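S.K.: Here is how the chains run, residue by residue.
Number of protein chains: 2
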Amino acid sequence: MSGWIAIAGLGPGDERLVTPEVTAALTEATDVVGYIPYVARIAPRAGLTLHASDNRVELERAVHALEMAAQGRRVVVASSGDPGVFAMAAALFEALEEGPSHWRDLDIRVLPGITAMLAASARAGAPLGHDFCAINLSDNLKPWALIEKRLRLAAEADFAMAFYNPRSQARPEGFARALDLLRTLCGDDRPILFARAVSTPQEHLRIVMLGEATPDMADMRTMVILGSSRTRLIVRPAGPILYTPRSAPEGAA
Amino acid sequence: MSGWIAIAGLGPGDERLVTPEVTAALTEATDVVGYIPYVARIAPRAGLTLHASDNRVELERAVHALEMAAQGRRVVVASSGDPGVFAMAAALFEALEEGPSHWRDLDIRVLPGITAMLAASARAGAPLGHDFCAINLSDNLKPWALIEKRLRLAAEADFAMAFYNPRSQARPEGFARALDLLRTLCGDDRPILFARAVSTPQEHLRIVMLGEATPDMADMRTMVILGSSRTRLIVRPAGPILYTPRSAPEGAA
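Quick note, the sequences are listed as chains Y and X, same order. If you're matching positions, the first sequence starts at 60 in my numbering and goes up one per residue. If you're matching positions, the second sequence starts at 60 in my numbering and goes up one per residue.
These are calculated hints, taken from the structure and not from any lab test. Because the structure is a prediction, the values reported are computed rather than measured. Treat the hints with caution; some may be incorrect.
From the structure, some residues in chain Y lie toward chain X, with a derived Cβ separation under 8 Å [said to hold, decoys possible]:
(1) GLU156
(2) GLY158
(3) ALA204
(4) ILE266
No residue lacks a Cβ here, since even glycine has one placed at the ideal position from N, Cα and C.
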């Protein structure tokens with residue numbers, strides 16, 4: 060039995076952000092499974108079977124990968140960004156935990172990648188330069204009340220906040236509610252970054268004040284980052300830099 | 060004037076985790092500045108000057124990089140991990156904001172890298188698979204009371220928590236206090252990961268329950284990740300997998 064699974068992060072889109080470790084795993088693989096647009100990034104070659112599947116079938120995809128590895132195949136599970144951040148690694152381990160015990164003998168590795176919030180942060184400056192949190196705004200798998208609770212506590216903690224999946228397909232009004240709540244908690248005068256399709260030809264960055272932010276500034280390909288109370292804008296001819304200093308003053312608690 | 064600055068993330072240590080974008084910048088650079096062990100990772104070559112400096116001189120290093128770029132040199136500022144997470148990007152922008160206005164005309168890019176928490180998370184499974192926060196436990200630049208406040212609120216939010224710089228040189232007892240506080244907030248029965256020197260030959264991973272965690276399990280090269288209330292351990296012959304499922308039950312708020 061020489062099968063394995065590598066749950067691999069392809070990064071945000073630019074091939075220069077794919078690690079050599081992931082490239083090597085793809086070279087050795089017999090099969091790649093993943094969401095259609097991610098699998099589309101893999102170059103076809105002899106001996107490699109591409110299994111593209113639709114969104115929201117993560118568990119079925121994970122079971123498929125585990126079954127193939129148990130049959131001796133070398134399977135890359137392709138995620139965009141980092142597979143451990145709101146992506147396929149957790150889904151695969153959910154399937155592993157529920158599945159037959161012999162799956163626990165499989166060789167399973169997670170290969171990290173450049174996650175969307177860090178690609179977006181790099182393009183804008185360093186808005187996540189000090190303490191921060193990452194919240195998935197989709198309420199497909201958790202109650203909306205939990206999202207609101209986390210927003211309240213994150214604002215009280217004065218974290219910078221990175222938001223994945225800002226506009227849920229199931230409930231598109233959620234992001235408008237989140238913005239309203241954040242304005243109440245943080246005030247209007249707080250910079251917020253909308254970073255769409257970072258590192259791809261469709262890349263578009265926009266920084267506005269929270270008071271001016273509207274739900275239509277985000278879509279399914281947008282990463283949203285809200286600054287902390289310490290986050291600053293540096294105005295430059297080439298465009299602003301958004302960053303959070305490393306320090307907090309005495310008395311900040 | 061063709062100078063530039065690339066604030067580049069070298070990842071956690073393994074060369075296979077350095078992105079091609081960073082490798083290309085190093086190929087084009089005339090100068091590299093950084094903390095001694097990070098600069099030691101750069102292969103010397105003709106035409107490249109390595110400027111290694113001690114820890115805790117981030118602002119001086121940033122000024123040096125800006126001055127050289129203003130003189131037309133092509134400068135890589137080397138960070139381990141990702142430069143935007145508790146690293147050199149924020150320090151450089153602090154220096155830029157304080158410095159002469161002509162520095163704002165410089166070509167400055169941030170090149171993301173694999174940050175320590177995601178490298179550690181990948182090795183252990185997917186403990187950051189759902190909402191999480193990242194907190195720098197060093198109180199060199201912020202009051203300890205703010206750290207404690209953030210720990211309390213993060214526990215209430217039920218975030219998984221990634222801790223950078225768990226043992227501050229200036230106040231080594233801080234981590235013991237953090238562990239005591241976290242036990243009070245989260246109980247003893249919560250898995251915590253100590254991941255030292257991930258992806259290097261010195262790599263060592265250890266997962267214990269919070270009730271068994273002791274301060275000496277971490278040093279300056281250790282990344283610490285505490286699970287949320289949902290984080291699970293899968294027992295396997297090859298070692299446990301630590302992961303946080305994607306879902307939270309109704310009523311979790």
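S.K.: Of all the hints numbered above, which does this structure not satisfy? Sort the numbers upward.
M.R.: 2, 4
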